[in-house]
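**Q** Protein chains in written order, with the numbering used here: chain G, 1 to 377; chain H, 1 to 309; chain P, 1 to 367.
For the record, the hints were derived by calculation from the structure and aren't laboratory data. The reader is advised that the hints may include incorrect statements.
[To be verified] If we take Cβ atoms under 10 angstroms as the criterion, some of the chain P residues that face chain H in the derived model are:
#, residue
1, V56
2, A122
3, I123
4, V124
5, A219
6, I322
7, A326
As the structure is a prediction and not an experimental result, all values here were calculated from the model. Heads up, the beta-carbon is just placed ideally off N, CA and C, and yes, glycines get one too.
One-letter residues, chain by chain:
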Amino acid sequence: MSLHTFGWSVLALALLAGCSQKDDGKTVVRIGSVAPLTGAQTHIGKDNENGARLALDEINATGLTLGGKPVRLELIAEDDGAEPKTATLVAQKLVDAGVAGVIGHLNSGTSIPASKLYNAAGIPQISPSATAVKYTAQGYQTAFRVMANDAQQGAALGQFAVKTLKAQKIALIDDRSAYGQGLADEVEKAVRAAGGTVIDRQYTTDKATDFSAILTAIKGKGADLIVFAGMDPQGGPMAKQIKSLGLKAQLLGADGIQNGNFIKLAGADAEGAIASSPGLPLDKMPGGPTFKQRFNAQYGEIQVYAPYAYDAMQVFVAAMKRADSADPKKILAELTKTDHTGVTGQIRFDAKGDTVGGAVTLYQVKNGTWAPLATVQ
Amino acid sequence: MDIFAQQLVNGLVLGSIYALVALGYTMVYGILELINFAHGEVTMVGAMVALAVMGALLGVAPDLPGILVVIGGALVAIPACILLGYTIERVAYRPLRQAPRLAPLITAIGVSIILQNVAMLIWGRQYIAFPPILPQATFQIAGAQVSALQIFIVLLSGIAMAGLWFMVQRTRLGRAMRACGESREIASLMGVDVNRIISTTFIIGSALAAVAGLMVSAYYGLAHYYMGFMLGLKAFSAAVLGGIGNLGGAVLGGLLLGVIEALGAGYIGDLTGGFLGSHYQDVFAFLVLIAVLVFRPSGLLGERVAQRA
Amino acid sequence: MIAALRERPRLSLALLAVLLAVLPFVTGVLIGQSGVRMLDFALLYVLLALGLNLVVGYAGLLDLGYIAFYALGAYFYAWLASPHFGLHLPFWMILPMGTLFAAAFGVLLGAPTLRLRGDYLAIVTLGFGEIIRIFMNNLDAPVNLTNGPQGMDLIDPIQIAGIGFSGTQEVFGLVVQATHLYYYLFLAFTLAAILFAYRLQDSRIGRAWAAIREDEVAAAATGINTRNLKLLAFAMGATFGGLAGGLFAAFQGFISPESFNLMESILILCMIVLGGMGHIPGVIVGAVLLTILPEALRYIGDLQRAMLGEVVVDAANLRMLIFGLALVLMMLYRPAGLWPSRQRRRELTAEGEVVRHEQESLVDVQR
Numbered sequence: 001m002s003l004h005t006f007g008w009s010v011l012a013l014a015l016l017a018g019c020s021q022k023d024d025g026k027t028v029v030r031i032g033s034v035a036p037l038t039g040a041q042t043h044i045g046k047d048n049e050n051g052a053r054l055a056l057d058e059i060n061a062t063g064l065t066l067g068g069k070p071v072r073l074e075l076i077a078e079d080d081g082a083e084p085k086t087a088t089l090v091a092q093k094l095v096d097a098g099v100a101g102v103i104g105h106l107n108s109g110t111s112i113p114a115s116k117l118y119n120a121a122g123i124p125q126i127s128p129s130a131t132a133v134k135y136t137a138q139g140y141q142t143a144f145r146v147m148a149n150d151a152q153q154g155a156a157l158g159q160f161a162v163k164t165l166k167a168q169k170i171a172l173i174d175d176r177s178a179y180g181q182g183l184a185d186e187v188e189k190a191v192r193a194a195g196g197t198v199i200d201r202q203y204t205t206d207k208a209t210d211f212s213a214i215l216t217a218i219k220g221k222g223a224d225l226i227v228f229a230g231m232d233p234q235g236g237p238m239a240k241q242i243k244s245l246g247l248k249a250q251l252l253g254a255d256g257i258q259n260g261n262f263i264k265l266a267g268a269d270a271e272g273a274i275a276s277s278p279g280l281p282l283d284k285m286p287g288g289p290t291f292k293q294r295f296n297a298q299y300g301e302i303q304v305y306a307p308y309a310y311d312a313m314q315v316f317v318a319a320m321k322r323a324d325s326a327d328p329k330k331i332l333a334e335l336t337k338t339d340h341t342g343v344t345g346q347i348r349f350d351a352k353g354d355t356v357g358g359a360v361t362l363y364q365v366k367n368g369t370w371a372p373l374a375t376v377q
Numbered sequence: 001m002d003i004f005a006q007q008l009v010n011g012l013v014l015g016s017i018y019a020l021v022a023l024g025y026t027m028v029y030g031i032l033e034l035i036n037f038a039h040g041e042v043t044m045v046g047a048m049v050a051l052a053v054m055g056a057l058l059g060v061a062p063d064l065p066g067i068l069v070v071i072g073g074a075l076v077a078i079p080a081c082i083l084l085g086y087t088i089e090r091v092a093y094r095p096l097r098q099a100p101r102l103a104p105l106i107t108a109i110g111v112s113i114i115l116q117n118v119a120m121l122i123w124g125r126q127y128i129a130f131p132p133i134l135p136q137a138t139f140q141i142a143g144a145q146v147s148a149l150q151i152f153i154v155l156l157s158g159i160a161m162a163g164l165w166f167m168v169q170r171t172r173l174g175r176a177m178r179a180c181g182e183s184r185e186i187a188s189l190m191g192v193d194v195n196r197i198i199s200t201t202f203i204i205g206s207a208l209a210a211v212a213g214l215m216v217s218a219y220y221g222l223a224h225y226y227m228g229f230m231l232g233l234k235a236f237s238a239a240v241l242g243g244i245g246n247l248g249g250a251v252l253g254g255l256l257l258g259v260i261e262a263l264g265a266g267y268i269g270d271l272t273g274g275f276l277g278s279h280y281q282d283v284f285a286f287l288v289l290i291a292v293l294v295f296r297p298s299g300l301l302g303e304r305v306a307q308r309a
Numbered sequence: 001m002i003a004a005l006r007e008r009p010r011l012s013l014a015l016l017a018v019l020l021a022v023l024p025f026v027t028g029v030l031i032g033q034s035g036v037r038m039l040d041f042a043l044l045y046v047l048l049a050l051g052l053n054l055v056v057g058y059a060g061l062l063d064l065g066y067i068a069f070y071a072l073g074a075y076f077y078a079w080l081a082s083p084h085f086g087l088h089l090p091f092w093m094i095l096p097m098g099t100l101f102a103a104a105f106g107v108l109l110g111a112p113t114l115r116l117r118g119d120y121l122a123i124v125t126l127g128f129g130e131i132i133r134i135f136m137n138n139l140d141a142p143v144n145l146t147n148g149p150q151g152m153d154l155i156d157p158i159q160i161a162g163i164g165f166s167g168t169q170e171v172f173g174l175v176v177q178a179t180h181l182y183y184y185l186f187l188a189f190t191l192a193a194i195l196f197a198y199r200l201q202d203s204r205i206g207r208a209w210a211a212i213r214e215d216e217v218a219a220a221a222t223g224i225n226t227r228n229l230k231l232l233a234f235a236m237g238a239t240f241g242g243l244a245g246g247l248f249a250a251f252q253g254f255i256s257p258e259s260f261n262l263m264e265s266i267l268i269l270c271m272i273v274l275g276g277m278g279h280i281p282g283v284i285v286g287a288v289l290l291t292i293l294p295e296a297l298r299y300i301g302d303l304q305r306a307m308l309g310e311v312v313v314d315a316a317n318l319r320m321l322i323f324g325l326a327l328v329l330m331m332l333y334r335p336a337g338l339w340p341s342r343q344r345r346r347e348l349t350a351e352g353e354v355v356r357h358e359q360e361s362l363v364d365v366q367r
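In isolation and in its complexed conformation, chain G is listed as follows:
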């Protein structure tokens, strides 16, 4: 109660008294879920929310007791519109609502500014899908994630390029977004560490469609592998222009292009492109097939990160159970000791809150679909 002035305390108490005792006599514990539910990423955002909700519903169905009292979990789903500024508003809203923890946000650009508020309030935050290194590198004890970060994915990509593809001359292109630039930097490091050479680094934007100038420059340097760190709207036309400019180089991308839209935009020129994605393919995940069944029955097709949101929620509630309390401080202490086998695999956190040993899988376009190629641990 030291968080509030006297007046606030009275008000908060009144509110708590009003809300926490529901008709079934169980104490309600609130957990936040934040993702863009409006705007360009609505479908991915809703997917994250559904993943978290599925886990929460399953836990409620089996019943949960904390400190000897029956507890019902309640999900407060919020929309950050994928905007940094809105993310802080929404984070404040969740802190106001007294949530025990937050599953989110979806993007790195929103998770980072929001993490400041959760940290100040001492509320644990587990992002299912934010991969920027910086998110957990700010020194906040409250920030966790359940997916391999860009450094881990970049390292896997760089190693794969040098060791498996045996690329001699590697050219890097990034789209100057936080995601693309961060990933490209990590790939460059990994390539050098694995003994490969980066012969050229070129840049584009996340709105560009013409890559002929930078691709021609790369052609001039005789690259045999082009690593693109960016999204499918650029990757698709880039694959086309690589072919039409007569480049012989292999295209290697990351999870930004590892989707159906890339294949649609590149058409026949997508064939042979390789891209990585954090985690295992769904059918290779330990609990993947049964998760898919349960999820499909409730919410239809999985978009991308729902399994991670599901696991994030499971990890959080498991910590809550071990703490035997809904007090964020106690949950936080238990979260760091997490060793959980979830849908996506084994989840443990390092000192920063990153997952230890997250897997990265590489896929290749064959006959117009992404087929798993190899998994790097």
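Following the hints, put chains H and P in place on chain G, whose structure we already have.
**A** Just chains H and P, lined up with the frame of chain G:
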């Protein structure tokens, strides 16, 4: 050397696309002295409508030759854009012709935002793929890879310029347009129906925008609700570079800007030892624009003075 | 009631002061801390709108790259108060320097555009805005100045008399939220800015700007140094932007180039166009309205989710459309804004006589 040739080709094709759009800007500016901010968006609508029609055509008759499908798309997109351009002028610009300068400019920005968002509501936020129906023939010219479509785009911008030049310089309509560009008041005293001439200018510019939009989406293989904005900005820079109001200037400016961008992105990284690189590609266009406005406001081929703006 | 208040300006001023003082508490009770946070943002936008109003509303120079100064102020603050360079200067040192820094850029970017007017100026300033953003986005190499697209984080919060504006703090034995502290700080700056803008409006400078706006050639003929005054307009506008940027950086603790895109520039322009160009109360109303509106629209989204289970009409999709429509409709039907100044209203209702006169003079300049 073949790399340099390839960069030149890249620049010329990109420049021809800028030129096609810049012609529309320059025509409207020549007569109204208004930056039709929404022109880039009209281009986008042209691409979107054409793609929708082509998708429908392919759905009904999947075996139709690719060229016919594209022509079918153009035949719907052109009237659609004409209607749009005409409506924009009637609704958003004409009532403000006597208002202070700031007013139509702000309206133009507003129209541009409206068109983007309506397009987004209709066609969604996803990039739409251009169906793979055009032949992918490429030739080797002086060591550079050139596709048939690229040659067509370059030719088209030349033809469009020549056609417009002929119309403006050699026909009655063109003479009326030039008269309106000189002075609307005096033109109307001479019996020119100023409103009709301005509408006609918007119609021609919009038809051209539809063709340009179709070409852009065919070339890059996609269309998107936001594609018109940057394209419009670059094309406007090209028009200013060449000398706004001057048709030849628009094409020259477009080609120059395209080549500057391609060579800049291709070589500046090596020339500056990695200090500047292709991440500053978009900066070049703006710097060229600013430099022209500061040092030669009339543009390369223009005689007019920018200060009148 | 309103008429009664108008007759007693002191009473209404006192009422307003009380209202502003208790507003965060009322909002806190009704909406929660997120509501107070929204108020903080609204105040920042009021500062920005007031600044842009100096350039566009007073001097008549259409600036589409105004957000660049906001960005410069924010980055300047981040440079001097974050672990990036290991500097942690107090805010009262950084903010004045930051505003000077932004003002210097205002002059620098204004200078090449002095000969340009109207639409050319709009395009060039738009270009400058984009150039600044592109540089911020790419200056992580060769020397890491801005951390590139990753943005700068861990920016120090404002600290006054040992009280850091973060989380919850004890002030005079009372426990208060940082959002409240920021509210009063921003309010103080905003009130000072309003006062400043009012004084400026009636000063020699303000009247000279109005003269330039109405007819630059005539203004020059009466002995006004149009060059210096236009540069001054850019510099002053930039000052406001730089101040707001520094406050934003401290408040948010994290800045990245995506917060300073062209749409933000257009948003601020919308605020002053909607409210009433050149009229301070109008500008304030416009800024507050357009900050709150998107949030209100978000509640509509929540409402739909609660009642229908899904979002049928996506407010995020409609927001920009509404802004675009507002720009066009305002220009067509209420060119002086929702709350125009008395003078402008008179000008515009005089059956267009004044307007036409204005236009004639412009035509003369053009020929």
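**Q** For each hint given before, does the structure comply? Return the numbers of the non-compliant ones in rising order.
**A** Number 5 only.
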